[in-house]
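Construct all of the structure, not just a fragment, from the sequences and the given hints.
Number of protein chains: 2
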Amino acid sequence: MSEMHEIPERSGTAFRLNKGERLVVIDPRGEQVADLLAFNAHDIDEVISSGRTLDYAETIQLTTGHKLYSNRSSVMLAIEEDTVGRHDFLLTPCSYDTFHHFYPTLPPHRGCFGNLAAALEPYGVTPDRIPVAFNCFMNVPIDGETGKLRVLPPISRAGDFIAFRAAMDLVIGLTACSAPDSNGGTFKPIHYRVEAA
Amino acid sequence: MSEMHEIPERSGTAFRLNKGERLVVIDPRGEQVADLLAFNAHDIDEVISSGRTLDYAETIQLTTGHKLYSNRSSVMLAIEEDTVGRHDFLLTPCSYDTFHHFYPTLPPHRGCFGNLAAALEPYGVTPDRIPVAFNCFMNVPIDGETGKLRVLPPISRAGDFIAFRAAMDLVIGLTACSAPDSNGGTFKPIHYRVEAA
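In order, the protein sequences belong to chains A and B. Everything in the first sequence is counted per full-length UniProt numbering, starting at 1 for the first residue and increasing by one. Everything in the second sequence is counted per full-length UniProt numbering, starting at 1 for the first residue and increasing by one.
Mixed in with the good hints, there may be bad ones.
When chains are identical, the list treats them as one kind, so a pair holds in a single copy or across two.
Derived SDA-like pairs: lysine to any residue, alpha-carbon spacing no greater than 25 Å straight-line [said to hold, decoys possible]:
id, residue 1, residue 2
1, Lys19, Ala41
2, Lys148, Glu80
3, Lys188, Glu46
4, Lys19, Arg150
5, Lys19, His5
6, Lys148, Ala57
7, Lys148, Val84
8, Lys19, Gly144
9, Lys188, Ala118
10, Lys19, His101
11, Lys148, Tyr56
12, Lys19, Leu106
13, Lys148, Ala163
14, Lys148, Arg86
Hint data in this document are derived by calculation from the structure and do not stem from the laboratory. Quantities reported herein were computed from a predicted structural model and do not represent experimental measurements.
Next up, the structure:
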């Protein structure tokens, strides 16, 4: 059994995920969000792309069988298992500025954006290079008529997970989300493990 | 009256748009798409961000009154007028790779991505820095239940337009789209003009 890692509440981490390895992102308590970023480990200018992925998938509801593409149209990750089926790939990670915007009465927090920027710095990723993340378990329904989007608590329950297979050597950024609206107002950890190819 | 510029079919251009100036993008024949990018003219690492914009707007249907934000949460452009009300901010510009994917029997084309990369090169923008574009007039309805998206012909008619006010000094990239599905299978020019502050 591969080692289980915990990302404490309102924090983030970064790590290598080699081609063929499998990343399992687990919501240990339910209703928590994990923002995921991926960079080509050998050329960080190649990065996960919501626009390419949604274009190829022809849906905004990505789940088992879908592939996550880079800005160069290469497959970075394939979703192999998904016990939730509801994730977001429209919104950028919450940040100091988004906290100020959405939660003017709360103490500001650097958010997933700040946590990802800090975790990815040793890999040479600067804050301006952080794109739209694949937000595991984030529940953002869209009204097909009006286009309005809402950020609701995740539908994930304790122990739910999503598993990705790496199609190239990657640097992964991953968080336990810091925004109250994303997770029903409570802050919880995220678990992950890396399984050998 | 400011000068009218024509972007020939399946091509693109780039130009400066200074703070306070107004950019009017016109669909002269109807049912054509124009991909729009914006960079801070003084620091091209600050770039238009679909993720930030959709987060702040809380809708994917952007129109008059909405603002387009950068990756640093600054307002770049405000939509002042819009005679169409249906645009896309989910998908990346069509490219050689997307042509190969969606139109395997057609001669490949460098698409809006290639046209934008060429037009923006003199401003120091490299292809990897091209994000999700604001796709004027592009009609991408989403099924709220299934999440499925479709690329339909625009609802714009001849002479329809969208007008933006620049909130900072910008470099703009703009195309007349090259993808058959985006415009009902025909290729047409796009017109634009820049009005003084």
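Now the hints, each set against the structure:
1. For the homomeric pair Lys19 and Ala41, the shortest alpha-carbon distance inside one copy (10 Å) is at most 25 Å, but the shortest distance between copies (38 Å) is not.
2. With identical chains, the CA atoms of Lys148 and Glu80 are at most 25 Å apart between copies only, with a shortest distance of 20 Å across copies and 30 Å within one.
3. Taking CA atoms no more than 25 Å apart as the test, Lys188 paired with Glu46 passes in neither setting, with 31 Å inside one copy and 32 Å between copies.
4. In this assembly of identical chains, Lys19 and Arg150 lie within 25 Å of each other by CA distance neither inside one copy nor across copies; the values are 35 Å within and 32 Å between.
5. In this assembly of identical chains, the alpha carbons of Lys19 and His5 lie at most 25 Å apart only when taken from the same copy (20 Å versus 48 Å across copies).
6. Within a single copy, Lys148 and Ala57 get their C-alpha atoms as close as 21 Å, and across copies as close as 9 Å, so both meet the 25 Å cut-off.
7. When the C-alpha separation of Lys148 and Val84 is checked against a cutoff of 25 Å, the pair qualifies both within a copy, at 23 Å, and between copies, at 17 Å.
8. For the identical chains of this complex, Lys19 and Gly144 are neighbours neither inside a copy (37 Å) nor across copies (35 Å), given an alpha-carbon limit of 25 Å.
9. For the homomeric pair Lys188 and Ala118, the shortest alpha-carbon distance inside one copy (20 Å) is at most 25 Å, but the shortest distance between copies (46 Å) is not.
10. Taking CA atoms no more than 25 Å apart as the test, Lys19 paired with His101 passes between copies only; the shortest distance there is 23 Å, against 39 Å inside one copy.
11. For the identical chains of this complex, Lys148 and Tyr56 are neighbours both inside a copy (23 Å) and across copies (11 Å), given an alpha-carbon limit of 25 Å.
12. For the homomeric pair Lys19 and Leu106, neither the shortest alpha-carbon distance inside one copy (41 Å) nor that between copies (33 Å) is at most 25 Å.
13. When the C-alpha separation of Lys148 and Ala163 is checked against a cutoff of 25 Å, the pair qualifies only between copies, where the shortest distance is 22 Å, while the shortest distance within a copy is 29 Å.
14. Proximity of Lys148 and Arg86 under a CA criterion of 25 Å is satisfied in both settings, with 17 Å inside one chain copy and 13 Å between copies.
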